[in-house]
Amino acid sequence: MLSDSLVYVAGHRGLVGSAVWGALQARGVDTVGWSSAELDLRDRDATFDALASARPQIMVMAAALVGGIMANATHPVDFLN
341 MLSDSLVYVA
351 GHRGLVGSAV
361 WGALQARGVD
371 TVGWSSAELD
381 LRDRDATFDA
391 LASARPQIMV
401 MAAALVGGIM
411 ANATHPVDFL
421 N
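Under the working numbering, the first residue of the sequence shown is numbered 341, with each subsequent residue one higher.
One thing to keep in mind: the hints can contain errors.
Claimed, not checked - Pair ranges (Cβ atoms, derived):
id, residue 1, residue 2, range
1, A392, A413, 18 to 28 Å
2, H415, S376, 17 to 27 Å
3, I409, M341, 37 to 47 Å
4, H415, S345, 17 to 27 Å
5, L342, T414, 36 to 46 Å
6, D344, I409, 33 to 43 Å
7, H415, D344, 42 to 52 Å
Simulated from the structure, these hints should not be mistaken for lab results.
Since the model is a prediction, treat every value here as computed from it, not as a measurement.
In this text, a Cβ means the ideal position worked out from N, Cα and C, and glycines have one as well.
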């Protein structure tokens with residue numbers, strides 16, 4: 341199943357996403373991902389355009405807003421929005 345699929349990993353440069361990306365790559369699975377500088381997932385039209393162009397069969401959502409211990413302690417509600 342995976343060997344014939346293109347898998348889009350959102351957040352492929354983060355902690356979870358990079359682990360998923362690496363596991364898929366190690367198994368020879370074709371993957372696609374864009375950095376947040378390349379694609380802002382909050383931009384609906386740009387996201388739809390990118391997905392329509394790449395046409396992945398499987399999507400993994402590992403994208404998240406992270407800030408580290410100090411940011412989490414200082415602005416806890418910001419990470420829940």
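A quick look at each hint next to the structure:
1. A392 - A413: 18 to 28 Å: The hinted range 18 to 28 Å is violated for A392 and A413, with Cβ atoms some 40 Å apart.
2. H415 - S376: 17 to 27 Å: Cβ of H415 to Cβ of S376: about 19 Å, so the range 17 to 27 Å holds.
3. I409 - M341: 37 to 47 Å: At 39 Å between Cβs, range holds.
4. H415 - S345: 17 to 27 Å: violated (38 Å)
5. L342 - T414: 36 to 46 Å: holds (41 Å)
6. D344 - I409: 33 to 43 Å: holds (42 Å)
7. H415 - D344: 42 to 52 Å: holds (43 Å)
Hint compliance for this structure: hints 1, 4 are broken, all remaining hints hold.
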